[in-house]
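Chemist: Next come the chains, spelled out residue by residue.
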Amino acid sequence: MYAFNYHRPASLADAAKLLGGASDGKFIAGGQTLLPTLKNRLASPSDLVDLTGIAELGGISASGGAVSIGAITKHAAVATSADVKKAIPALAKLAGGIGDPQVRNMGTCGGSVANNDPAADYPAAVVGLNATVHTNKRKIAADAFFTGLFETALEEGEIITKIEFPQPKRAGYEKFRNPASRYAMVGVFVAETANGIRVAVTGAGPCVFRHTEMEAALGKSFSPDALKGIKTDPAKMNSDIHGSGEYRAHLVGVVAKRAVQNALG
Amino acid sequence: MANQGIGQAVRRKEDFRFITGQGHYTDDINRPGQLYAVFLRSPHAFAKIRSINTDAARKMPGVVAVYTGKDVAADKVGGLICGWTVKDKQGNPHKAPRHDIIAIDHVRHVGDQVAVVIARSTSEARDACEAIEVDYDVLAPVTDVRSALKPGAPQVHADAPGNLCYDWEFGDKASTDQAFAKAAHVTKIELVNNRLSPNPMEPRSAIGEYDSGTDSTTVYTTSQNPHVIRLILCAFVLGLPEHKVRVIAPDVGGGFGSKIFNYAEETVCVWAARKLKKPVKWTSDRTEAFLTDAHGRDHVTHAELALDKDGKFLGLRVATMANMGAYLSTFASAVPTYLYALLLAGQYTTPAIYAEVKAVFTNTTPVDAYRGAGRPEATYVVERIVEAAARELKMDPAEIRRRNFVPVDAFPYQTPVACVYDSGQYAKALDEAMKMADYANFAKRKAESARKGNLRGIGICAYIEACGIAPSAVVGSLGAGVGLWESAQIRFNATGSVFVYTGSHSHGQGHETTFAQIVSDKLGVPMENIEVVHGDTALVPMGMGTYGSRSLAVGGSAIIRATEKIIDKGKKIAAHLMEASVDDVAYDKGIFSVKGTDKQVPMAQIAFTAYVPHNYPADLEPGLEASAFYDPANFTFPAGVHIAEVEIDSATGVTTIANWVAVDDFGNVINPMIVEGQVHGGIAQGIGQAMLEGVVYDPKSGQLLTASFNDYCMPRADDLPSYKVGMIETPCPHNPLGVKGCGEAGAIAAPAALMNAITDALGTEDINMPATPQNVWRVIQRQNLAAAAE
Ligand SMILES: Cc1cc2nc3c(=O)[nH]c(=O)nc-3n(C[C@H](O)[C@H](O)[C@H](O)COP(=O)(O)OP(=O)(O)OC[C@H]3O[C@@H](n4cnc5c(N)ncnc54)[C@H](O)[C@@H]3O)c2cc1C
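Going down the list, the sequences are from chains S and V.
Under the numbering used here, the first residue of the first sequence carries the number 1, and numbering increases by one thereafter.
Under the numbering used here, the first residue of the second sequence carries the number 1, and numbering increases by one thereafter.
FYI, nobody ran anything at the bench for these hints, they're computed from the structure.
The hints are all genuine.
List time: in silico SDA-like cross-link candidates among lysine to any residue, alpha-carbon distance up to 20 Å:
| hint | chain 1 | residue 1 | chain 2 | residue 2 |
| --- | --- | --- | --- | --- |
| 1 | V | 452 | S | 258 |
| 2 | V | 700 | S | 239 |
| 3 | V | 444 | V | 398 |
Build out the structure end to end from the sequences listed, making use of the hints.
Modeler: Spelled out as C-alpha cells, the structure:
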C-alpha cells in the first residue's frame, strides 16, 4: 500500500468537495474491492474519501411497490432485512450469497454496483429488476448504467446514494460459483415485472447483459421448459482457466432454468 | 491419570494458546533494531539479466542496503543445496545446477530473487524495490515436462543438457518384460499428477540476528526441522561454525512439507544480518508464497499392468516424467525416485516391477516434498491402473484387489521394489470399508441418482505408504546426505515434573500432547507436569525434524528409549531406598516396588532423591535425565482402504461427494482424536488435489496464473463430506510403540479413491485432476451423458 490522505465526511456535499479537491481521489465504502487493490500496490490514490460516515447513504426502506437500499448498506443487512425478504426474496438471497460472512459484513451495495465487476452478483439484480440508480446528481436507469467491463455511467466524482428496486411479481436468482473465488461464474436473475419479463446474466460475459431471447420465451410461458433449446453465443462469453466460453454459454442455459424454477418457488 | 495415557483421546495441550491467539509465530517475534528485507522478484519466467541499477533505490528513505547476486557472490556464499544425490541409469550423479540465493545472470522462474532491499520498514523497502532498474533479455520459457524434454526446447540450465536432471530406473526390467510377454491382458493408463501449491496458513518468515560480541548467529525461521536448517546453513551455504548458530522454529502454522527446505530468503536474512550487524526480518506475503514455496507433485506418467486371465497381477511398468521446477530444492531428487518407485507394489503381490523416472528442469517454481511426497503419486498410479484393469476385465474392483493382496501370513514380505513390508491386514481393511460404505447396495443408489438425472460412481483406493524412512545406513547408500534417526531427552526436575526434548517438530500435529501421553504412560507423571520442548537447537540436543510421518515412529521411539533409561536408573535409586537388590525391583506405571513385598516408592520420590541425594547409592551419579537416539530398523508401512462415492450433476458437471469411508491401519494409536484429525486433514488435501487445486502456468509466458486464492481453489468446509473413519490396529513389529504414522495417509489415499469414483460415474478413465466442474462437464459432453431432462 502507498500512503494516502484519509477523509471521513459526514455529508454528501462534503464528500463531493473533498474528492473534487484531491489530485487523485477515490471514494471508499466497504473497501472489499479497493483495499486489496491498494494492498497489492495496483492503485495509488492521493486521497480516500470514506462514504460510510454519511448517514443519508444508509438504510433500507420499502414503500410504494419498491425497495430502496442505501449505497452504504452492507450485504449482510440486505440478506437479513425483513422488508427485502418480504418484497423481493430473490434479492435477499443474492446478497446472502456474496462472498463470505466477513465480506458480507463490510462490502456495500453501492460499492458493488459502482465497481461493476463482471462476476459480481448485484448487477444482475439491478438489471433484472429494472432498478434505478440514484446518485448525488441524477437518476440512472439500470439498462443505461452498466456500460462495460468495470465501466459504469458514473461520472468522475459522482456518488451512488441509493438503489431503488421495483417489486416484481416474482423473481429468482441462481448463481453458479467460480469454485475458487466463489464470485459468479454465471449468475442469472429472472423477474416478472410490471413491464414484462427480464433476464439478466452476470459473470458470463464482460458485463452484465439481458438475455432477450430468454425474455421473449419466458414471456410466452414462464417455465424452465420454455428455455429449452435457447443457445447463448460462446464467443461473447468470458473465458478463463475456470470456464471456457463454451462452458459458460452452456451454464447460462442451465442456470437460467434453475432461476426460473426458483422464481416459481 | 487413567484417561491420559496411550490410547486416550486427550485434548490437545497446545490448542489453548492457538485458539486464544497466543501462539508465538516467527512473524510475532521482533528483535531490537530489526530491519526488514523485501525481495525484488523476476516478473519473467526466463531471462538473462543484462544489468541491474540500484543507485536510485539506495538513496530512498529508510534504505539501509540493497544487494544483488553479485554482492552475495563476492562474499563467497554457496548456493542452496540438494541433500539427496540420485544416480542415473549409468550411475552418474544427478545434475544439480547452481542455485544462487540471489540470481546472478539468469532468472529462471517468475518470482526468482533478483535483489533484496533492507530498510527500516517493509513499506520503505518496497518503495525502494520499485526504484531498482533491471534490464532483462527475456527468453522463451518452458513450463511442462513434455515440452522441456523435446529437442530444441529452451534450456533452463546450460549444465543440464536437454533439461534432464536425471534419467533413473528401478526394479528388474528383464523379469518385468517377461511378465508382460506371458500376460493374458495388459491395461495401460496415462496419468497426470497435478502440481499443487502447499499454502500453509502461516506464510514463511525468517529473522537473522548476529551478536558480534560472541560471534554468534540466531535464526528464527518457519521450519519443520531446525537442526537440519542449521546443518545446511553452516556446513554448505554460509560456512559458519555449527556451535555458533542457533536456529529457532517457534510455533509454525502448517508446513505440509514446504517448510522442510532451506530457502533463499532465510539464508539472505542470515547473511545480511551478519553483514549489517542488525537483525533482518522477512515475511512472505501470499503472492510470494504462491511464487516461491516449493510446489508438490507434477508428474506425467504412462503405466502398464500385466495380468493373467484370472486378474492376478504379473508385472507393472511405469514411466514417469517429474517436474523439478527451475532448481533442485532440498530433497527434490528423492521424491519421484526413492519415495515413489519403492511404493509401486502397493498392497499387492505383483512379482515384477520396473520404473523409469526422468526428472526435468522447467521455468517454474521448484517442486519438492508435499504431504505424502512420492507416495501419493505412486498410490495414484497403482490404484488408478488396478481399478482400470478391473473395469476392462469386468471384475469387481474389490475382488481384483482381494485376489492380489499380500496375505496376512506372508509378512515380512519382500516386494520386488526393495521394501520389506512388516505387517498388515489388507483384506480386513477392505471388508470393513465395504461394510461401512454399504458397497453392496451401491447399484440401488446409482439407480436413484439416475432417476434424478444424475450420475453416480464409487471408487476404492487400497493404499500403502512408507513412513519414518530409515535406517540411516540404507538411506545413505541410496544417496541421502543425512541420517534419519531421531533424538530425545527426558529431564526430571526435583519436584517430579518433566521436560521432554524432542528433535521432532510440531507444526499442527499435536506432539506436545501425544509425546506427553507417552511419557505420562511410561513414567507415571501426570500430563500437566510434562513439558514437551521442540524447535530450538539451543534447547534440543539434536534432531532431524518432522516430515514423512516420522515423528511418532522415530521421535516417539527415541522418547521410549529415554524412558527406559530413566526407569533403569530409577530402579537403582529405588533399590537403595528400599534396601533391596536392583534385580528385585519391579517397575509399573510410575511405581517402583520390591517383588513379593508391599514396599514401594513412586517416581516423584525417585526424582527428588536424585536431586537431593542425601540417602543415595554411593556409586551412582545424581540427577535424573536420559538422552536417547533411535535409528529404526525399517520403514513403517501404514495401509488402508478409502472408498469414495460421488454424485455428479450431469447438467453442470458439479461433483458432490456423497460418502467417504476411510479404514486405516496405523498400528497402535496413541491419541485417536489426533489421529482422526490427521486423517480428516489429509483427506481434505487429497480431495483438494483431485477436485479443486492445481497450479497453472501460462505455457507461452510462463506466468503463474494461479497466484492467488481467487484462482487457486483451496478446499472449503462445504466442499467436503463428513468422513466415516475406521481403524485397524496391526502393531508395527519393529519399533517399541508398535506405531506406523498417520500424517499423510489421507492425502495419499484420497485422490485415487475420488478419481476412481468420478471415472466410474463417467465411464471413462480419460479425465485429469483436478476434476473441476468444467473438466467433468467436458467429459459428459464427450460421452454424451447429459440427462435428457436438461
Ligand atoms: C473474498 C471476497 C469475496 C467476494 N465475493 C463476492 C461475490 O461472491 N459476489 C460479489 O458480487 N462480490 C464479491 N466480493 C466483492 C464485494 O461484494 C465488495 O463488497 C464489492 O465488490 C465492493 O463493495 P465495497 O463496499 O467493498 O466497495 P469498495 O471496495 O470500498 O469500493 C469499490 C469501488 O466502488 C467505488 N464506490 C464505492 N461506493 C461508492 C458509491 N456509493 N458511489 C460511487 N462509487 C463508489 C469506490 O470508489 C471503488 O472504486 C467479494 C470480495 C471479497 C474480498
